[in-house]
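*Asks:* Sequence:
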Amino acid sequence: MFSKVHLCLSVIVLEIFFICVQSYDFPESPYFSRYDGLDYSPDSFGHPHKRTRRSTSKTNILLPIKAFGKSFHLVLYPDYEVVHPNAKLVVGGREWTGGLPAVSDHVVRGYVDGFTHSVVFGSVIDGVFRGTVSLNKSNLLHSAPGSYDTYFIEPSGYYFNKDFPFHSVIYNSLDVKTPTVGQSRMRRAVQEMNLKFCGLSYPSIAQKMSKISCIDDRKKHGTTVTNNSLPYTDKGPNTRVCNLYLQSDTYLWDHVINKRHIQGNRELAVKEITSIFTQHVQAAQLIYQDAVFRDHSGRLEFRGVSFRVDRVLINVTEHDCRNRVWKPTYLQDRNNSYISPTALPRETFSDHLSLHQPSNTNHLSFSGAYTDENPFCAPNIDVTNYLNLHSYNKHDDFCLAYIFTYRDFSGGTIGLAWVAEVGGAGGVCEKHRRMQEGDQNVYKSLNTGVVTLLNYGSKVATKVSQLTFAHELGHNFGAKHDNFHENESHGCLPSIDDVRGNYIMFASAISGDKENNNKFSSCSLDSIAKLLDRVLRGEKNCFLTSDGPFCGNQLTEEGEECDCGFTRANCHDKCCHPRDSTSPCKLVNSVFIDHTERTVQCSPTAGVCCTENCQYRPETHMCRPAGECHRSSNCSGRMSKCPPADILPDGTLCQDGTRVCKQGQCIGSICERIPGWHECSFTRDKKVVPELMCFVGCKQNISGAPCISSFQLEKVSFPHPFAWIHNMSNNGAVLLDLILDFPIQSNIFIHLFYSIFGLFLFSILIMPC
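Going letter by letter, the sequence shown gives residues -23 to -1, 1 to 746 in mature numbering (1 follows the signal peptide of the UniProt record, and there is no 0).
Simulated from the structure, these hints should not be mistaken for laboratory data. Note that the structure is a prediction, hence the values are computed from the model and not measured. Hints are supplied without guarantee of correctness; some may be wrong.
Here are the simulated PhoX-like pairs of lysine-lysine, each with C-alpha atoms no more than 25 Å apart in a straight line [as the list claims (entries may be wrong)]: (1) LYS507 x LYS517; (2) LYS436 x LYS139; (3) LYS496 x LYS507; (4) LYS65 x LYS371; (5) LYS563 x LYS507; (6) LYS517 x LYS408; (7) LYS563 x LYS551.
Can you make the complete structure from the sequences, with help from the hints?
*Replies:* Set out below in structure tokens:
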């Protein structure tokens, strides 16, 4: 019926006949309220062989298919952007011949013919497709109500142990059920914890991890602190490739190898696990490449962050969890800092370590099994310790390192990652270095994260695990939970009755079917922009450059005039030639507007200052609204990108008067309005009452000066000329509110306030949080 077509030779169309539900007597599924079975012949498709990167072949094969009463074509082509051509693959402690590309030829992406904004990504393994099919790309990114459906296709072996006359199931993203296993337990979790799927939703975990990541041990041990003021020129999105090291533990191996469609086949299991990895990366790629990471001031703007898999390690139970008869060897570095055996790669020992058998080995425990070297074999590890064990390993060659598992962590947690902290450790590009852990010095890599595919006894829905992976990556890029910004004025935490739903960095689980679920809030965009700016300007910048601009990824990169997609079928920009043309990613010469031929000036894919009619927007067009610390910005009339906005003077009040602008960002302390003062914080102890923790504190830049909270104002003696002002009210904060409520032109207090620098005093009198 079909001819075999190699992926390396052409773009292929995968024709899948979606069999209507009446065709089979489908068993009820605990996972979906509705699904269909797919039984097309795997022999319908050619099996890929050697990959030819960036093939220029333009052969399209269009075949009619039917799905849920609709007729459309699924068009696929090799996805060369996800896996490095020299990526390493280690399975059961041994390198796989041919590396990761030998088993990842199945990675594909594409579109649905006739649906201009559609997107498809996934894998074809032994002729069977598994992946995501969205009839509108914006549905994956914005989930707008009434938009086209998004479907997920998976091997039926994940859900049924018996043989059925279909090898795959397809289900709508809206038809995913809440797991019925442990149903009462799940209901209780939803009611009491609101499904805290991210471990950082728990204060105890967040505080513990923040304490570790904020420790800067470099000064203590004489290591030079990175200077983040290095010159940097943004050369486009193809210079921001975050390379990944992905690992699976033996629990995920056991889950996959025993499935009906795998039947113990080792090679199929390896392909299946790599497919799980690449699908998660492809889903994250859609979100991160589409996002514009812009800070609140509008001065920083980055778009097109990409991910690429450079190394995969698959732990195999029978090879990686064998019993050992010897006890672990302990190691010390030259500074007598112990390094856990779990921190060591299996194959090599660092030459800066010395073998040592300490007299007291109580700081490490072992069971006599291989778990002393491979901690991921051990059962009953909570999510915090699991991430901690993963972080002991050295991941300096990678932007980020993630481990996927099939463990049921307590509390409904399915993801955890280190948050990149300004001035601290953690997140992208972090290096393996020494830090304090209890009373020990240990080495850790905090560019790590964990995702599990099991939750309350049931397999996590694909869309949920993909969103979780993107969420945890957000932490690595510096984004905190949106709940952290609930008192800010940027609208980053929608109200509970907002039909658009919460953003991707919301602390609790999101359904994935609402408008905001797949995009970042402005606070997350702001945090990530600042982190990217700091990393890209710093010495620890580990972002890589891609092989060059890839025409067809809908990102206008260096050397491209525009980029509207792969073929004319999925290019909805009349100003641009698609990849499948004689002038790929170049502007067309002219277009007809109202029956008049006009020369093309630009493409909307290159920036917001270009119209759909391929003309530059005039200088009167505002492309960026004013913010608290910057003025509005208008198009220049000469380029597609929106020009940077002019910033407001440092010291301008922002965030409802609780912060001040600094270099165009609302990051300055209100205390800085008092010359020679800065903000301070209180450490919880017996002398500090809890109320102090909720007030702003300021102190003079003098050694030994006390930290003064507005809560303590009644006990503070103010020097002339401030004392009389304080005596006017028992609560200085109330007085400040009363003064600021009046127009400045008619308030004598304000004029006197400025004349004697009274404003500097009242700036610290902030109402409690």
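*Asks:* Does each hint fit the structure? Answer for all of them.
*Replies:* For each hint, the structure was consulted:
1. LYS507 x LYS517: Distance ~15 Å between LYS507 and LYS517 Cα, so the pair holds.
2. LYS436 x LYS139: Holds - the C-alpha atoms of LYS139 and LYS436 are around 17 Å apart, at most 25 Å.
3. LYS496 x LYS507: holds (18 Å)
4. LYS65 x LYS371: holds (16 Å)
5. LYS563 x LYS507: violated (32 Å)
6. LYS517 x LYS408: Holds. LYS517 to LYS408 sits at ~8 Å (cutoff 25 Å).
7. LYS563 x LYS551: Measuring from Cα to Cα gives roughly 11 Å; hence the hint holds.
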